[in-house]
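The whole structure should be built from the sequences, with the hints applied where relevant.
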Amino acid sequence: MSIISKLSLTEIINGIKNKKFSSEEITKEFIENSKKSKKLNAYITECFDEAIKSAKDFDKKKDYKGLLSGVPIAVKDLFCTKNIKTTAGSKILHNFVPTYESTVTNNLWSQGAFLLGKLNCDEFAMGSSNETSFFGNVINPFGEKLVPGGSSGGSASALAAGLTPATIGTDTGGSIRQPASFTGTVGLKPTYGRCSRWGIVAFASSLDQAGPMTNNVEDCALVLQAMSGYDPKDSTSADKKVDNYISNLTEKVKGLKIGIPKEYRVENMPNEIDNLWKKGIDYLKDAGAIIKNISLPHTMYALSTYYIVAPAEASSNLARYDGVKYGHRAKGKNLIEMYENTRSEGFGDEVKRRILIGTYVLSSGYYDAYYLKAQKVRQMIKNDFDKSFNDVDAILTPSTPSSAFKIGDKSKDPVSMYLNDIFTVPVNLSGLPAISVPAGYDKNKLPLGLQIIGKPFDEQTILNLSLAIEKRANFKKNLEVWWN
Amino acid sequence: MSKEKFDYFINGKKNKWEVIIGLEVHAQVLSKSKLFSSSSTKFGADPNTQVSLVDSAFPGMLPVINEFCVEQSVKTGLGLKAKINLNSIFDRKNYFYADLPQGYQISQYKSPIVGEGEVILDMPYGTKKIGIERLHLEQDAGKSIHDMDPDNSFVDLNRSGVALMEIVSKPDLRSPDEVNSYVKKLRSIMRYLGTCDGNMQEGSLRADVNVSVRKIGDKKFGTRCEIKNVNSIKFMQMGIEYEAKRQVELLEAGEKINQETRLYDTRKNATRSMRTKEDAHDYRYFPDPDLQPLKLDKSLIDKLKKELPELPDQKKERFIKEHNLSPYEANILVSEKEISEYYEKVIKESDKKLATNWIIVELFSVLNKKNLSISESPVSEKNLSSLIKMISSGKISGKIAKAVFEKMQEGDRDPNQIVEKEGLTQQSDPKELEKIILDVLSKNQDKATQYKSGKVKLFGYFVGEVMKASKGKANPKLVNDILKTKLK
Numbered sequence: 001m002s003i004i005s006k007l008s009l010t011e012i013i014n015g016i017k018n019k020k021f022s023s024e025e026i027t028k029e030f031i032e033n034s035k036k037s038k039k040l041n042a043y044i045t046e047c048f049d050e051a052i053k054s055a056k057d058f059d060k061k062k063d064y065k066g067l068l069s070g071v072p073i074a075v076k077d078l079f080c081t082k083n084i085k086t087t088a089g090s091k092i093l094h095n096f097v098p099t100y101e102s103t104v105t106n107n108l109w110s111q112g113a114f115l116l117g118k119l120n121c122d123e124f125a126m127g128s129s130n131e132t133s134f135f136g137n138v139i140n141p142f143g144e145k146l147v148p149g150g151s152s153g154g155s156a157s158a159l160a161a162g163l164t165p166a167t168i169g170t171d172t173g174g175s176i177r178q179p180a181s182f183t184g185t186v187g188l189k190p191t192y193g194r195c196s197r198w199g200i201v202a203f204a205s206s207l208d209q210a211g212p213m214t215n216n217v218e219d220c221a222l223v224l225q226a227m228s229g230y231d232p233k234d235s236t237s238a239d240k241k242v243d244n245y246i247s248n249l250t251e252k253v254k255g256l257k258i259g260i261p262k263e264y265r266v267e268n269m270p271n272e273i274d275n276l277w278k279k280g281i282d283y284l285k286d287a288g289a290i291i292k293n294i295s296l297p298h299t300m301y302a303l304s305t306y307y308i309v310a311p312a313e314a315s316s317n318l319a320r321y322d323g324v325k326y327g328h329r330a331k332g333k334n335l336i337e338m339y340e341n342t343r344s345e346g347f348g349d350e351v352k353r354r355i356l357i358g359t360y361v362l363s364s365g366y367y368d369a370y371y372l373k374a375q376k377v378r379q380m381i382k383n384d385f386d387k388s389f390n391d392v393d394a395i396l397t398p399s400t401p402s403s404a405f406k407i408g409d410k411s412k413d414p415v416s417m418y419l420n421d422i423f424t425v426p427v428n429l430s431g432l433p434a435i436s437v438p439a440g441y442d443k444n445k446l447p448l449g450l451q452i453i454g455k456p457f458d459e460q461t462i463l464n465l466s467l468a469i470e471k472r473a474n475f476k477k478n479l480e481v482w483w484n
Numbered sequence: 485m486s487k488e489k490f491d492y493f494i495n496g497k498k499n500k501w502e503v504i505i506g507l508e509v510h511a512q513v514l515s516k517s518k519l520f521s522s523s524s525t526k527f528g529a530d531p532n533t534q535v536s537l538v539d540s541a542f543p544g545m546l547p548v549i550n551e552f553c554v555e556q557s558v559k560t561g562l563g564l565k566a567k568i569n570l571n572s573i574f575d576r577k578n579y580f581y582a583d584l585p586q587g588y589q590i591s592q593y594k595s596p597i598v599g600e601g602e603v604i605l606d607m608p609y610g611t612k613k614i615g616i617e618r619l620h621l622e623q624d625a626g627k628s629i630h631d632m633d634p635d636n637s638f639v640d641l642n643r644s645g646v647a648l649m650e651i652v653s654k655p656d657l658r659s660p661d662e663v664n665s666y667v668k669k670l671r672s673i674m675r676y677l678g679t680c681d682g683n684m685q686e687g688s689l690r691a692d693v694n695v696s697v698r699k700i701g702d703k704k705f706g707t708r709c710e711i712k713n714v715n716s717i718k719f720m721q722m723g724i725e726y727e728a729k730r731q732v733e734l735l736e737a738g739e740k741i742n743q744e745t746r747l748y749d750t751r752k753n754a755t756r757s758m759r760t761k762e763d764a765h766d767y768r769y770f771p772d773p774d775l776q777p778l779k780l781d782k783s784l785i786d787k788l789k790k791e792l793p794e795l796p797d798q799k800k801e802r803f804i805k806e807h808n809l810s811p812y813e814a815n816i817l818v819s820e821k822e823i824s825e826y827y828e829k830v831i832k833e834s835d836k837k838l839a840t841n842w843i844i845v846e847l848f849s850v851l852n853k854k855n856l857s858i859s860e861s862p863v864s865e866k867n868l869s870s871l872i873k874m875i876s877s878g879k880i881s882g883k884i885a886k887a888v889f890e891k892m893q894e895g896d897r898d899p900n901q902i903v904e905k906e907g908l909t910q911q912s913d914p915k916e917l918e919k920i921i922l923d924v925l926s927k928n929q930d931k932a933t934q935y936k937s938g939k940v941k942l943f944g945y946f947v948g949e950v951m952k953a954s955k956g957k958a959n960p961k962l963v964n965d966i967l968k969t970k971l972k
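Quick mapping for you: the protein sequence lines, in order, are chains A and B.
The first sequence finishes on residue 484 if you use my numbering, and the numbering steps up by one all the way, no holes.
The second sequence finishes on residue 972 if you use my numbering, and the numbering steps up by one all the way, no holes.
Calculated from the structure, these hints are not laboratory results.
Beta carbons are placed, not taken as given, at the ideal position from N, Cα and C, and that holds for glycine.
A couple of the hints might just be wrong.
[Said to hold, decoys possible] With the C-beta cut set under 7 angstroms, the calculated list includes, among others, these residues of chain A facing chain B:
hint	residue
1	D63
2	K65
3	W198
4	I200
5	D234
6	N271
7	H328
8	L362
Okay, here's the thing in structure tokens:
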């Protein structure tokens with residue numbers, strides 16, 4: 001890896017501004033890295049030629065007004081990109097080219113960034129290991145046999161391996177935070193409604209939220225700033241002012257009250273995770289924060305609630321992939337057979353599993369017992385957080401119950417796979433913002449992350465607390481490049 | 485008139501059966517753009533030219549509610565004297581079909597925007613109140629076209645996403661006549677409000693008709709069948725009649741009615757089963773997570789209430805009170821917004837009683853004959869009003885007026901000009917008339933003698949002769965008066 005591509009996003013932007021290097025130079029470096037790193041299988045679509053053209057255009061115009069001036073960024077292939085194939089990691093969209101640009105990516109481009117490529121992900125963002133992608137699994141740069149997490153696995157892997165200076169993912173149950181934790185990067189899921197969902201291939205509408213994945217907290221604030229904002233095209237986006245995350249970013253967190261929920265100490269959790277959590281508490285104490293034990297009593301129901309609500313919405317959201325209008329179409333003797341063949345061929349097993357679960361829980365006779373009850377429990381989980389936030393400013397937990405696991409380890413057992421999201425899922429159900437910040441390694445030298453959960457629309461506080469941890473944990477990404 | 489005279493029953497072999505009917509009317513909201521997108525709703529465009537990315541359900545597209553459509557449905561609710569719900573919820577109704585791009589229809593299931601209301605029908609046997617159960621907003625689907633190609637079906641998405649109001653009646657209707665009256669009244673209310681154009685040919689108004697029968701005297705409703713998607717009142721009536729008879733025959737033969745959805749075949753005048761309850765869709769309704777619950781401000785409802793135009797029932801009351809019309813006349817004149825507007829323009833400058841008669845009798849017979857609507861009337865309000873003015877001032881007789889009216893229809897001619905040009909002005913000069921009368925009497929002295937000796941029936945003969953001599957222009961009232969004195 002070259003020196004430039006080891007710089008943070010903020011350093012790169014400043015370097016371009018101060019003419020230490022041109023946009024074209026750094027773009028070429030990331031392209032070079034990407035080309036050499038095919039082993040990771042991080043990309044679904046490369047847009048290298050277009051990126052170089054954009055970089056050259058930028059160097060000619062030299063317009064430094066945007067927050068992300070002159071920076072190439074590869075994004076998760078769940079964001080629709082105009083005239084660029086957008087697959088959602090699925091065969092059913094393997095040939096789909098949108099005529100429109102998602103609001104969030106458009107926000108990045110209007111801040112001076114441009115597209116480097118589309119990154120691999122679990123099919124329709126359904127997965128925690130990037131093993132469900134039609135385009136093959138992604139490798140974690142921390143180990144040839146390791147998953148990068150999911151569903152934003154391609155994003156996490158590309159970022160950690162230096163193929164892109166920053167990226168964006170989507171998080172429905174942990175899909176940003178878990179892969180960030182598995183790859184030693186920072187990943188933030190904003191408050192539901194902070195970023196527009198318009199133009200993002202939908203998985204579960206009431207849970208989906210796009211967010212930044214970066215090498216450090218400062219970069220995270222920057223990308224969040226660029227991508228956030230109200231969008232009248234998304235009825236669930238919040239018409240609320242976006243704070244200036246960058247200028248308000250500070251590690252001064254003295255006096256902030258941090259909740260430690262006892263329910264997050266789960267059975268069979270490795271000691272290392274518990275120790276990391278304790279270290280996190282120490283870091284924040286050291287920064288002057290006040291630690292408080294809290295209880296989120298309905299946490300134990302979060303995962304089962306999530307696996308009713310998310311598949312229910314998905315079963316309906318994915319009904320549009322029927323072979324009639326766009327995407328993959330199989331032959332059939334009549335309409336029904338065409339549907340059956342298209343969807344049988346077009347969807348992978350995990351997607352089919354969730355469509356079946358979702359269809360089941362919404363069916364008449366089961367709706368009340370499953371979907372309606374899950375909605376009620378969801379409200380109770382949210383109430384737990386609301387109550388806690390009367391006493392604390394933020395909540396500290398581990399991001400995941402383990403470090404990156406091996407490819408194939410959990411893919412045969414969906415429930416053990418689902419359990420990996422046990423700490424992240426309650427946050428989506430409650431619509432809260434949360435960040436995963438790298439804080440240490442386990443005995444196998446695999447990165448581990450800490451999660452900080454904030455009050456609605458208080459992304460600033462969790463960014464500040466993360467910065468305090470980052471400074472103290474002094475996490476170094478000790479990566480030998482083995483994948484070129 | 486007694487109510488019994490108009491009761492509608494099916495006479496089975498064993499019993500008399502009452503027919504219970506409830507309607508689900510789908511009325512297209514009158515709006516420029518669709519319920520959740522900004523595509524045009526204009527009728528008759530080339531296939532798939534009014535389709536946005538939202539209407540065709542592209543990945544990542546999201547619905548945004550069209551506030552105008554919401555206001556239109558609130559207005560309709562107010563016109564139905566219904567409860568407006570300040571909170572309502574959009575749900576997804578999930579099913580697969582080629583012309584349903586999302587794989588679900590956005591509709592309102594448990595919490596509709598409008599609750600219970602009513603529609604008053606004027607039947608020959610008096611007024612009848614029909615309860616409204618609810619009104620909800622939903623998207624229309626596209627159109628599948630199966631007859632353009634032997635091997636392929638085509639889909640036109642121009643209608644996809646167009647806003648519909650589904651207006652559900654209570655099972656209060658008892659005959660095809662009442663259904664006719666109900667649909668017309670509903671249509672009229674919405675046209676007064678400007679919330680639906682009511683154009684049944686273009687599919688702006690269609691209905692699912694629920695029909696069941698029960699023996700006279702029974703309290704419990706029978707099992708119902710739903711006749712799906714009927715787009716003409718005549719077909720609704722014929723479908724009901726057929727369906728009710730079918731059910732009676734089955735029941736009298738000791739069989740059961742299956743709850744099912746049926747189609748009315750217009751060519752065979754029969755209904756046939758489309759799907760039974762067993763293979764009914766499970767629509768898996770759930771609240772659409774892409775949309776917030778629809779919250780209405782009380783102030784918006786108050787504002788819309790204030791802006792509400794005069795509706796047929798109120799207008800009828802006013803016509804009766806202010807213009808001294810009979811309920812029958814008032815009913816006809818308010819039945820369509822355009823008719824009432826025509827009437828009100830005509831009476832601005834002319835006699836109300838005469839105008840009422842001329843519109844209801846003369847004009848309507850012309851319109852019926854030529855199969856025209858009032859807005860296509862060959863005689864404008866202004867010219868009809870001029871004609872009536874000439875009648876009431878005595879310038880022309882009623883008889884001449886009819887001849888003039890005939891001529892006015894060719895290119896909406898001004899009756900004054902016709903009368904001038906053709907010298908049709910009524911002779912109302914007593915001296916002139918006296919001359920003619922004396923002339924007629926002198927030519928018919930024998931008959932005058934007979935009259936005077938008691939054969940009073942001959943009076944009409946003299947009037948006729950005078951009119952003939954005056955070429956129909958003599959003022960009939962004056963002719964009468966003068967004749968009477970001369971024949972004394």
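Next item in the hint list is L362 of chain A. Is there a CB on chain B closer than 7 angstroms to its CB?
holds, 4 angstroms
Does the nearest C-beta of chain B fall within a distance shorter than 7 angstroms of the C-beta of D234 of chain A?
holds, 5 angstroms
Does D63 of chain A hold up as a contact with chain B if the rule is Cβ-Cβ below 7 angstroms?
At 29 angstroms from the nearest chain B Cβ, D63 of chain A fails the 7 angstroms test, so the hint is violated.
Would you settle whether the hint for K65 of chain A is holds or violated, based on the nearest Cβ-Cβ distance to chain B being less than 7 angstroms?
Violated. Min distance 28 angstroms.
Given H328 of chain A as an interface hint, is its Cβ closer than 7 angstroms to any Cβ of chain B?
Where the cut-off is 7 angstroms and the nearest Cβ of chain B is about 13 angstroms from H328 of chain A, the hint is violated.
Hint validation: I200 of chain A versus chain B, beta carbon distance must be below 7 angstroms. Holds or violated?
holds, 5 angstroms
Chain B contact restraint on W198 of chain A - CB to CB distance below 7 angstroms
W198 of chain A check passes; min Cβ-Cβ to chain B is 5 angstroms, inside 7 angstroms.
So, as I understand it, the hint says N271 of chain A touches chain B; can you test that by seeing if any CB pair is closer than 7 angstroms?
violated, 39 angstroms
Of the numbered hints listed earlier, those contradicted by the structure are 1, 2, 6 and 7.
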